[in-house]
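Construct the entire structure; sequences and hints are all you get.
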Amino acid sequence: ETCNGDPARRLGNEFLFATMAQANADALNEMGVKRVITSCPHCFNTFRNEYPDFGGKWEVTHHADFLQFLLAKGDLKPKEGTGATITVHDSCYLGRGNGIYDTPRQVIEAIPGAKLVEMPRSRERGLCCGAGGGNMWQEESGTRVNHLRAAEAANTGANIVATACPFCIQMFEDGIPAVQPDEEKRTIRAFDIAELLEVAVRPTARPLRDGDVEVPPGVV
Numbered sequence: 007e008t009c010n011g012d013p014a015r016r017l018g019n020e021f022l023f024a025t026m027a028q029a030n031a032d033a034l035n036e037m038g039v040k041r042v043i044t045s046c047p048h049c050f051n052t053f054r055n056e057y058p059d060f061g062g063k064w065e066v067t068h069h070a071d072f073l074q075f076l077l078a079k080g081d082l083k084p085k086e087g088t089g090a091t092i093t094v095h096d097s098c099y100l101g102r103g104n105g106i107y108d109t110p111r112q113v114i115e116a117i118p119g120a121k122l123v124e125m126p127r128s129r130e131r132g133l134c135c136g137a138g139g140g141n142m143w144q145e146e147s148g149t150r151v152n153h154l155r156a157a158e159a160a161n162t163g164a165n166i167v168a169t170a171c172p173f174c175i176q177m178f179e180d181g182i183p184a185v186q187p188d189e190e191k192r193t194i195r196a197f198d199i200a201e202l203l204e205v206a207v208r209p210t211a212r213p214l215r216d217g218d219v220e221v222p223p224g225v226v
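Here the sequence shown stands for residues 7 to 226, numbered as in our numbering.
No lab work stands behind these hints: they were computed from the structure.
Owing to the predicted nature of the structure, the values given are computational and were not obtained by experimental measurement.
The reader is advised that the hints may include incorrect statements.
To be verified - Here are the computed lysine to any residue pairs in the SDA-like style, where the Cα-Cα straight-line distance is at most 25 Å: (1) K121 to R131; (2) K191 to Q176; (3) K63 to A24; (4) K121 to D198; (5) K85 to V123; (6) K63 to P13; (7) K121 to N55; (8) K40 to G18; (9) K191 to T88; (10) K121 to N161; (11) K40 to N55; (12) K191 to E179; (13) K121 to T193; (14) K40 to E56; (15) K40 to G105; (16) K121 to D59; (17) K79 to R111; (18) K83 to Y107; (19) K83 to D198; (20) K40 to Q28; (21) K121 to P183; (22) K121 to H153; (23) K83 to Q112.
As the list claims (entries may be wrong) - Here are the simulated distance ranges between beta carbons: (24) G61 to R16: 18 to 24 Å; (25) G61 to G163: 45 to 51 Å; (26) E189 to K63: 20 to 26 Å; (27) P183 to E36: 41 to 47 Å.
Ideal placement from N, C-alpha and C gives every residue a C-beta, glycine not left out.
Structure follows, in structure tokens:
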């Protein structure tokens, strides 16, 4: 298994994308895979909408939908409440690309005590985090999109911005310190919805950053 190839395609390297896509499709078909579950909307979109051209005929599920499915079945039972105010950032490929807006919010709403607030630009009107189209690896001119989006998230009064995309997490982790440079006064952190749900389901779990740096008490 290699990268799904989406960054290569968005940067214009169609040959590299096709090579990676075909290798992945052949490997998964050889193993008899019926369903692919991914935590990355870029992978989700590529496997679901582009890999059929390379022989990929699997059912593809994003982890936001899968987590909500497990919650609805009762297989995941949040136990610990939180007083956190949470705003949701809609990943481009998950939201506008594939119409998945509700399940990330339903996962958050399943956490006892969580308060959900929306940014002015959300759902169909959501703003890109700045990573799309290969921009994660390119220097931007003018105002950085991730700095703008981090400011929008912070201005909601939320102390957590939740998303369901590793690209978005990385862009917020770069953007938040830019708009709130004083770490001691920083009011917001970025987490994947799965990290937040894990803490609610397993109260002893704490999302970690940089290997062994624990989140300050009260953030989650």
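Consistency of the hints with the structure:
1. A distance of roughly 21 Å separates the Cα atoms of K121 and R131; the hinted pair therefore holds under the 25 Å criterion.
2. The suggested pairing of K191 with Q176 holds, with an alpha-carbon distance near 20 Å, which does not exceed 25 Å.
3. Only pairs whose Cα atoms come within 25 Å are accepted, and K63 paired with A24 is accepted, the gap being roughly 16 Å.
4. For the suggested pair K121 and D198, the alpha carbons sit about 16 Å apart, so the restraint of at most 25 Å is met.
5. Of the supplied pair hints, the one linking K85 and V123 holds, its CA atoms being roughly 22 Å apart against a limit of 25 Å.
6. A hinted pair counts as satisfied when its Cα atoms are at most 25 Å apart, and K63 with P13 qualifies at roughly 22 Å.
7. Distance hint between K121 and N55 is unfulfilled; the C-alpha atoms sit about 34 Å from each other, more than 25 Å.
8. Distance check on the hinted pair: K40 and G18 sit about 30 Å apart at the alpha-carbon level, beyond 25 Å; violated.
9. A threshold of 25 Å between alpha carbons decides the hint, and for K191 with T88 the separation of about 20 Å falls inside it, so the pair holds.
10. Between K121 and N161 the CA atoms are separated by roughly 15 Å; this keeps the pair inside 25 Å, and the hint holds.
11. Under the criterion of a C-alpha separation no larger than 25 Å, the hint pairing K40 with N55 is consistent with the structure, at around 16 Å.
12. Restraint check for K191 and E179: satisfied, since their Cα atoms lie roughly 15 Å apart, inside the 25 Å limit.
13. At most 25 Å may separate the alpha-carbon atoms for a hinted pair to count; K121 and T193 meet this at roughly 15 Å.
14. For the proposed pair K40 and E56, the alpha carbon gap of about 17 Å is at most 25 Å, so the pair holds.
15. At most 25 Å may separate the alpha-carbon atoms for a hinted pair to count; K40 and G105 meet this at roughly 23 Å.
16. The straight-line distance between the Cα atoms of K121 and D59 is roughly 42 Å, outside the 25 Å bound, and the hint therefore fails.
17. The hinted pair formed by K79 and R111 meets the criterion: a straight-line CA distance of about 17 Å does not exceed 25 Å.
18. Distance restraint check for K83 and Y107: the Cα-Cα separation of roughly 22 Å lies within the 25 Å cut-off, and the hinted pair is therefore satisfied.
19. Only pairs whose Cα atoms come within 25 Å are accepted, and K83 paired with D198 is accepted, the gap being roughly 18 Å.
20. Distance hint between K40 and Q28 is fulfilled; the C-alpha atoms sit about 17 Å from each other, no more than 25 Å.
21. In summary, the hint linking K121 to P183 is supported, as the alpha carbons are separated by about 23 Å, within the 25 Å threshold.
22. For the hint pairing K121 with H153, the CA-to-CA distance comes to about 24 Å; that is within 25 Å, so the pair holds.
23. Our distance criterion of 25 Å between C-alpha atoms is met by K83 and Q112, whose separation comes to about 13 Å.
24. Take G61 and R16: their Cβ atoms lie about 22 Å apart, and the range 18 to 24 Å holds.
25. At roughly 48 Å, the beta-carbon separation of G61 and G163 lies within the given 45 to 51 Å, and the hint holds.
26. Between E189 and K63 the beta carbons are some 48 Å apart, a value that contradicts the proposed interval 20 to 26 Å.
27. For the pair P183 and E36, the supplied restraint of 41 to 47 Å holds, since their beta-carbon distance comes to about 44 Å.
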